[in-house]
Amino acid sequence: MIDKRVGSLADAVEGIEDGATVLVGGFGASGVPVELVHALLDRRATDLTIVTNNAGSGETDVAALLRERRVRKIVCSYPRSAGSIWFEERWRAGEVELELVPQGTLSERMRAAAAGLGGFFTPTGADTRLAEGKEVRVIDGRRHVFEEPLPGDVALVKAARADRWGNLVYRTAARNFGPTMAAAAALTVVQVDEFAELGELDPEAIVTPGIFVDRVVRVEAA
Amino acid sequence: MRLDLRDVARRIARDIPDGAYVNLGIGLPTLVADCVGSDKEVVYHSENGILGMGPAPAPGEEDPELINAGKQPVTLLPGGAFFHHTDAFLMMRGGHVDLTVLGAFQVSEHGDLANWATDDASHPPAVGGAMDLAVGAERVLVMTTHTTKAGEPKLVPRCSYPLTAAGVVDRVYTDLAVIDVTPEGFVVREMVAGLTREDLQGATAARLSFADDVGVLGQRE
Numbered sequence: 000m001i002d003k004r005v006g007s008l009a010d011a012v013e014g015i016e017d018g019a020t021v022l023v024g025g026f027g028a029s030g031v032p033v034e035l036v037h038a039l040l041d042r043r044a045t046d047l048t049i050v051t052n053n054a055g056s057g058e059t060d061v062a063a064l065l066r067e068r069r070v071r072k073i074v075c076s077y078p079r080s081a082g083s084i085w086f087e088e089r090w091r092a093g094e095v096e097l098e099l100v101p102q103g104t105l106s107e108r109m110r111a112a113a114a115g116l117g118g119f120f121t122p123t124g125a126d127t128r129l130a131e132g133k134e135v136r137v138i139d140g141r142r143h144v145f146e147e148p149l150p151g152d153v154a155l156v157k158a159a160r161a162d163r164w165g166n167l168v169y170r171t172a173a174r175n176f177g178p179t180m181a182a183a184a185a186l187t188v189v190q191v192d193e194f195a196e197l198g199e200l201d202p203e204a205i206v207t208p209g210i211f212v213d214r215v216v217r218v219e220a221a
Numbered sequence: 000m001r002l003d004l005r006d007v008a009r010r011i012a013r014d015i016p017d018g019a020y021v022n023l024g025i026g027l028p029t030l031v032a033d034c035v036g037s038d039k040e041v042v043y044h045s046e047n048g049i050l051g052m053g054p055a056p057a058p059g060e061e062d063p064e065l066i067n068a069g070k071q072p073v074t075l076l077p078g079g080a081f082f083h084h085t086d087a088f089l090m091m092r093g094g095h096v097d098l099t100v101l102g103a104f105q106v107s108e109h110g111d112l113a114n115w116a117t118d119d120a121s122h123p124p125a126v127g128g129a130m131d132l133a134v135g136a137e138r139v140l141v142m143t144t145h146t147t148k149a150g151e152p153k154l155v156p157r158c159s160y161p162l163t164a165a166g167v168v169d170r171v172y173t174d175l176a177v178i179d180v181t182p183e184g185f186v187v188r189e190m191v192a193g194l195t196r197e198d199l200q201g202a203t204a205a206r207l208s209f210a211d212d213v214g215v216l217g218q219r220e
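The listed protein sequences correspond, in order, to chains A and B.
Counting from 0, one number per residue, gives the positions in the first sequence under numbering that gives the first Met the number 0.
Counting from 0, one number per residue, gives the positions in the second sequence under numbering that gives the first Met the number 0.
There's no promise every hint is true.
Unchecked claim - Going by beta-carbon spacing under 10 Å, a handful of chain A positions derived as facing chain B:
1. Phe176
2. Gly177
3. Phe194
What the hints assert, rightly or not - One side of the interface only, derived from the structure: several residues of chain B facing chain A at Cβ under 8 Å:
4. Leu65
5. Met91
6. Gly128
7. Pro156
8. Tyr160
I should point out that these hints are in silico values taken from the structure, not numbers from a laboratory.
Virtual Cβ for every residue (Gly too), placed ideally from N, Cα, C.
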């Protein structure tokens, strides 16, 4: 029998090692798996590479990982936001490496990893400083930059509902990076507001099929 | 003599066709949405996975997960859809978004756009979706003041700030003029009343040419 549900946040992040590359869903404060990131913090995993769109703000989630010096490198499109004080402090002190990636390239690099591709050429970033050192090829008369796949050891994702097979549905714009990250990591861990019975989720409306999901944990909405 | 930026937004709105799929950059360009008349049906796209994005919700009606690219709360109109990030950027990068309006630090006469970074090394860089949108949208419109607060021209022969994308800008709307980017460089289509061609050239670092029938960029459309 397949049952991907786990009983606690600690069980959900069990086995995540120091040095792991962790894909963390969310855009701004929308769709961030806050409780899973805090469970990772409690696990004391360190030397992490965090792949996420924003570098956290205030004292929660990725900002807390940065504050507690658990992050070696951050791969990100927009680390600067209102209240991103811990990122800025660690970055200014040279304590965290930043790999800045255009947002669509960030997403597509993870998709490429999920799809088993060895990378792709895109015009995004061509002739800019973010393409420095990258292979360039002219395709259809336009300069394209080669981008490598970006797989995760782990993905931490937030969804609205899951069944025991790990099928997921999301809520409004909280979906954002979730489906791509879920497919791009060796271990995908999802926090949901509630569990559904198997067969209860409309198969026409399942966004992330359970094949991409390893563990689901229920977190009561605040 | 300079137009209010709301009037610039009004002028841009006039160029947005009925039925267009549009992505408005964060900041100034979001003013354009308020100026598109109810006679047109325009579908707004947001990079975080929304089509059919509506205006800000009434106070107390905010959904913290339903936000726009600037992280402000928004609504979803009937017919709207949610989708994941890779599809949102596929729409932008793959030429499916008809039109974007972006802010700018500088635009070059070749249509190069600089709008994501200055050379201030004391702040960490951040790019977001700026490069994807500039490269991928079918039509790239720029909304900006003609000069910086310090009076420096923003329309230049060559950008000194880091590029967002090369050769992508189609048209620039400023508080002084509407200017097309053509293979021959900047061509002025409209300018505000009371401004001479010499005045406009004086506020512009790149060389300007003028269309045969330069129109008046009005205060009220």
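Hints, one by one, checked against the model:
1. Because the closest C-beta pair between Phe176/A and chain B is about 5 Å apart, less than 10 Å, the hint holds.
2. Given the 10 Å rule on beta carbons, the hint for Gly177/A holds: about 7 Å separates it from the nearest Cβ of chain B.
3. For Phe194/A, the interface hint is violated, the least distance from its beta-carbon to any beta-carbon of chain B being 19 Å, above 10 Å.
4. Because the closest C-beta pair between Leu65/B and chain A is about 4 Å apart, less than 8 Å, the hint holds.
5. A hinted interface residue such as Met91/B counts as satisfied when its beta carbon comes closer than 8 Å to some beta carbon of chain A; here the least separation is about 6 Å, so the hint holds.
6. The beta carbon of Gly128/B comes within 4 Å of a beta carbon in chain A, closer than 8 Å, and the hint placing it at the interface holds.
7. The beta carbon of Pro156/B is not positioned within 8 Å of any beta carbon in chain A (closest approach about 16 Å), and the interface hint is therefore violated.
8. The interface hint given for Tyr160/B is violated, since its Cβ lies 11 Å from the closest Cβ of chain A, which is over the 8 Å cut-off.
The structure does not agree with the numbered hints 3, 7 and 8 stated previously, though it agrees with the rest.
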